[in-house]
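Heads up: take any position in the sequence shown, counting from 1, add 89, and you land on the working numbering.
None of the hints are false.
If you anchor each label on the Cβ, the simulated ranges turn out as follows:
#, residue 1, residue 2, range
1, Arg-254, Ile-138, 29 to 35 Å
2, Lys-199, Lys-311, 34 to 40 Å
3, Ser-152, Ser-294, 47 to 53 Å
Please keep in mind that the hints were generated in silico from the structure rather than gathered at the bench. Ideal Cβ placement from N, Cα and C applies to all residues, glycine included.
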Amino acid sequence: MNINKIFLTVSLNTIILIVLGAISNVSYAVSLSTYKIHLDQKKRNYDFIIYNQGDYRQRCELSLRPFTLDKTGLSRLLPNGEVPENSADELLRFSPQTFEADIGKPQNVKFKLRIKRGIESHEYRSYLSIKCQDIKSYVKKSTQTAMKVEPLIVQNIPIVARVGRAKYELTFSELAINNNSMSVNFNKTGIYSTYGKLTLINRDSQDVVGKIDLIQMPIEAKSNVITMNFTGDGSDPLQLIYQESENYLQSKTLKININ
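Given these sequences and hints, build the entire structure.
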């Protein structure tokens, strides 16, 4: 089949702290330039920047890890060696995979999307696992320099690679308003996840009376009940708008008038 477009998004989902030894306070010495990376057939390359904002040089190692999601979007890392059918590993190339980040300096990690002919239109997933440690140098009495490795910080970032342009639909149902509270079923069909924002506006004034900045529904979820508090009168002419992230190649907008 011909692959029209591929979409890759990386969004920060979870941070796992692994402590080696007894410590009381740990701060994240490494920051990331973005928590979402988007690639498609026209934009196959992306520079992801890791910045060392700590007091010591950082030794970092990057790798891909498989994970799964439940219907609520809760992620779970899979054991090493267990690779799901929708793993994105074969679609991704990045370098360097290991490096030492100097204090106060950025480190570029170059991502490249590898398009394979004949791959099935689907949504593929992996974690980008970023492991960094402080490296402290100290001089022994013998004047020999040794390396002391401090606690390991692991940041696991979900990677979602959207291949092709499969059909999927978004709908609202069972909308109800009680005073200044609204509830609605948000439904999805198809093999893609969806991420976006929900806005409630007054149709007369065009004022925003309520909003939720992040709505997310993984492939596994088919329907979510969403509740929102808003200002104004529930009898006002309102419009509920779901705007999918513009980074999606098939970005959808869903609207429904109320009253």
